[in-house]
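Using the hints provided, position chain B relative to the given structure of chain A.
There are 2 protein chains.
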Amino acid sequence: MSQVRIDGLQYSNWSETVFNEMRQGGVDAVHVTIAYHELFREMVLNIEEWNRRFERFADRIFLGRSGDDVRRAQREGRTAIFLGFQNPSPIEDDVGLVEVVHTLGVRFMQLSYNNQSLLATGCYEDDDPGITRFGRQAIAEMNRVGLVVDMSHSAERSTLEAIEISDRPIAITHANPHWWHPARRNKSDRVLRSLTESGGMLGFSLYPHHLAEGSDCTLESFSQMVAESADRYGAEHLGIGSDLCQNQPDRVVEWMRNGRWTKVTDYGEGSADAAGFPNQPAWFESNLHFDAIAEGLSTVGFSEAEIGGLMGDNWLQFFDRSFGPM
Amino acid sequence: MSQVRIDGLQYSNWSETVFNEMRQGGVDAVHVTIAYHELFREMVLNIEEWNRRFERFADRIFLGRSGDDVRRAQREGRTAIFLGFQNPSPIEDDVGLVEVVHTLGVRFMQLSYNNQSLLATGCYEDDDPGITRFGRQAIAEMNRVGLVVDMSHSAERSTLEAIEISDRPIAITHANPHWWHPARRNKSDRVLRSLTESGGMLGFSLYPHHLAEGSDCTLESFSQMVAESADRYGAEHLGIGSDLCQNQPDRVVEWMRNGRWTKVTDYGEGSADAAGFPNQPAWFESNLHFDAIAEGLSTVGFSEAEIGGLMGDNWLQFFDRSFGPM
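Each protein sequence line maps, in turn, to chains A and B.
Using the numbering used here, the first residue of the first sequence is number 1, and each one after it goes up by one.
Using the numbering used here, the first residue of the second sequence is number 1, and each one after it goes up by one.
Simulated from the structure, these hints should not be mistaken for laboratory data.
Careful, some of the hints might be misleading.
Unchecked claim - Which residues of chain A face chain B? A few of them, derived with a C-beta cut under 10 Å, are: (1) F40; (2) L45; (3) E48; (4) E49; (5) D94; (6) L97; (7) E99; (8) V100; (9) G105; (10) G276.
Beta carbons are placed, not taken as given, at the ideal position from N, Cα and C, and that holds for glycine.
Isolated chain A (complex conformation):
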């Protein structure tokens, strides 16, 4: 088996071009976002759109449900698409929807997206009272059915509590260490130690707002950050979660940041002067560019086996452990 390549998060403007690039880039599996602020029925409409894509591009993509589907994708030269929510809005106030969305194929759910949710606090709130009463019930149910807790956009205390409360390892699918680039979305050393010591996974983000020097970040700087993270946390708990938002119009980042919760524009990680999507660094603009990352990791001294883990095998082991019933 050649190197497995898994991307722990993308939200591109899906098209035949993107799916062709996944194949050309040797990407066997991608976790894709199907909800930012959608309620249940709206999220189902997004699943219906994916079903049309699975029908139309059946020779290139299919719905992934398990680690074995990643192996099948590699065998068949296709890409397994794993569904996830960046916000728990699709389960509304109903813990019974956790199993329903898992049956529909959803495998990751963030407990909050920047703001306070019914379950947890987001990283843009001033105060973080931790996991809520509903949040505890939802985590237990997610553990039972095999829906992964993702805390990428959550606040510090909520994240530490989610790691503690969850009986199964959780994920931060797309973020970087705060010690490398002190963005609000990046994670403290304390969180990353707690995450990885409990068997959880961190996916490194390639989104410019999460990178030191932003769009000008060098592959060398990124690779050195990965090497330092491996020293601190162990390479086996690390992977890629690129947060690639390829070809999206700026109204999409507006929707991510503002949903329907504010009448006053919130610029999130951007600003009034730079409200739209930032430019990707030149060395990672699409699914064609995973080779560059593998090469960058090689130059900072990782072994071939470690690079295989970072590029996908660590995610695959995590998928194997996480997506079935407990």
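Structure of chain B alone, referenced to chain A:
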């Protein structure tokens, strides 16, 4: 393998008692109704209730998705529960929901329930313009994913057209021949010939309004009707679809008949003087009583193999052919 027993339709007041009776009665699989007038989100709440039952009574019942799940049920001494709609209301006006409900485990959908629907005409309407434009699209999609067209409560022309339009055999899960008992819900000889000649299945109903002499119908009369049907249509296309509504309060039959579509009470097959559920014939009151039916069939001259087919194997063959993608 001992005799397979499958009931083509029940809508009982689900309880541990009913599930125990399924086991004691040797019932390996039951198609249960989860929607009469519910829209999508309401139907999902009914799936959530079933999920709680599957958790609580996991040693007795589980969600059936395929013919092999019936064999698994028999092997494990449990009952496989297959989900179905008596009305297409849960797919609303959205053909994409056909695949979504199939993914959730739904395996049968009636195209209309007594009234005109968006897809077809019900058997209580005065006029039947046949399958609608949306109906044709829905049938094609149901064929593609493996969701069985059920015309139990539909009108004559719509039923004949559904048989013709569908690329896969359809079912009338619970009804009897009109020539035996001329109730509005029972089916004409023409419909039953067209149904069975195209490989479709008829499930004989034990609901008193569908029986000659109603609650006083004898097992002998019922069994003779089955024998006559086998002569006309071939025993291999016939099974049981008891329409058992055990322990339901009368408000449930009111909901079935009136939903939210009328402010004036509609009594359906009943009347103002007999508005509630009728009494079952004494020889079929619960899942404990399938032995009686098998014995009745034996007295009218069916072979052991034919009885095996009628009691469940014919449904099993149909499940094998019907629930997967085309």
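Checked against the structure, which of the hints given earlier come out wrong? 10
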